[in-house]
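> Starting from the given sequences, assemble the full structure and let the hints guide the process.
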Amino acid sequence: MLEYLGLNTTAEGVYRLMLSRPDLGVAELAAELGMGTADVRSALDELFELSLLRESVEREGHLRPVSPAVGLQLLLARQQAELDQRRQRIAEGQAAVAAIVAEFAGSPASAAAEVERVLGMDTIMQRLEELAASARVEALSITPGVQSAAAIAAALRTNADLLARGVTIRTAMQDSARNDRPTLAYAQSLTDAGAEVRSAPLLPPRMLIADRGTAIVPVDPANTRVGVLVLTGRGVVAALVALFEQVWATAVPLGAARTRDRNGVSPQERELLGLLGQGHTDESAAKRLGVSERTARRIMADLMERLGARSRFEAGLLAVKEGWL
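In the working numbering, the protein residues as written are 1 to 325.
Simulated from the structure, these hints should not be mistaken for lab results.
Certain hints may be false.
[Unchecked claim] Below, computed lysine to any residue pairings styled on SDA-like, alpha-carbon distance capped at 20 Å:
id: 1; residue 1: Lys287; residue 2: Thr224
id: 2; residue 1: Lys321; residue 2: Pro267
id: 3; residue 1: Lys321; residue 2: Gly279
id: 4; residue 1: Lys287; residue 2: Arg181
id: 5; residue 1: Lys287; residue 2: Gly308
Here it is, written out as structure tokens:
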């Protein structure tokens with residue numbers, strides 16, 4: 001009851017009993033409260049340090065309880081003083097943050113431009129952290145392929161903070177991520193924490209959008225370590241949000257099984273047929289689907305067998321004829 005004043009339950013019990021029975025010694029207090037004498041002595045030490053007990057004038061070597069009107073009011077005053085100090089430190093911290101933001105607001109690196117080019121992994125991570133910290137309502141992301149251990153660790157910290165602040169998280173991952181244990185475990189932890197995760201066989205390049213006002217995309221989708229572009233232009237961000245929503249509408253929740261159509265063709269198989277029909281090689285098609293080249297070839301061989309095709313060209317013709325594409 002008085003813990004907010006710095007008094008634990010044991011010490012409070014001893015103090016209350018001493019107020020009503022100031023003549024009790026350590027052994028008697030322990031017997032009345034049903035605790036060990038060591039616990040009582042520890043509580044007495046605590047009460048003395050808090051100035052709720054003082055040395056008795058009448059009985060040498062004994063302690064007497066201080067009246068609650070005096071002792072507890074003193075504790076309350078101390079708590080109020082500490083609170084005032086904390087408020088002062090917070091105000092000073094806010095002023096310091098505002099000063100730093102104002103200092104760097106006019107620099108070229110942080111100028112209020114619609115497009116900012118950020119290079120270097122440390123600087124990229126800093127911008128990602130800043131974007132996550134600024135999010136208040138919603139964080140949308142598209143993460144093709146599988147995630148590295150470092151990326152997963154960083155994302156777990158960031159997403160935990162976002163969810164704790166009540167920010168809605170929606171993440172679109174690739175179907176191939178379901179076959180990577182660390183990435184799948186990360187996605188599952190997101191859903192368990194309250195985020196929404198869906199997957200699709202084919203995704204556009206990686207992106208992160210905060211509150212539909214700022215987006216981060218890679219300079220080179222094929223190598224995200226090269227650098228990123230921070231976009232704040234209303235038109236381009238709105239276009240990226242629309243792209244995300246289009247992907248989200250066709251993706252399926254992480255826990256749902258990927259259903260095949262009436263011809264028994266899965267979305268991943270259909271996308272592979274489409275990519276090869278557009279002239280993609282096994283290597284480029286595999287990269288787009290986030291799978292290994294060997295996996296792409298295996299899927300294609302299975303499709304050819306099911307179609308009864310002797311070549312990929314014939315497989316494409318038969319897929320169209322059978323309504324697979």
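> Now look at each hint and say whether the structure bears it out.
Against the structure, the hints:
{"no.": "1", "hint": "Lys287 to Thr224", "in the structure": "holds (14 Å)"}
{"no.": "2", "hint": "Lys321 to Pro267", "in the structure": "holds (18 Å)"}
{"no.": "3", "hint": "Lys321 to Gly279", "in the structure": "holds (19 Å)"}
{"no.": "4", "hint": "Lys287 to Arg181", "in the structure": "holds (19 Å)"}
{"no.": "5", "hint": "Lys287 to Gly308", "in the structure": "violated (26 Å)"}
Hint compliance for this structure: hint 5 is the single one not met.
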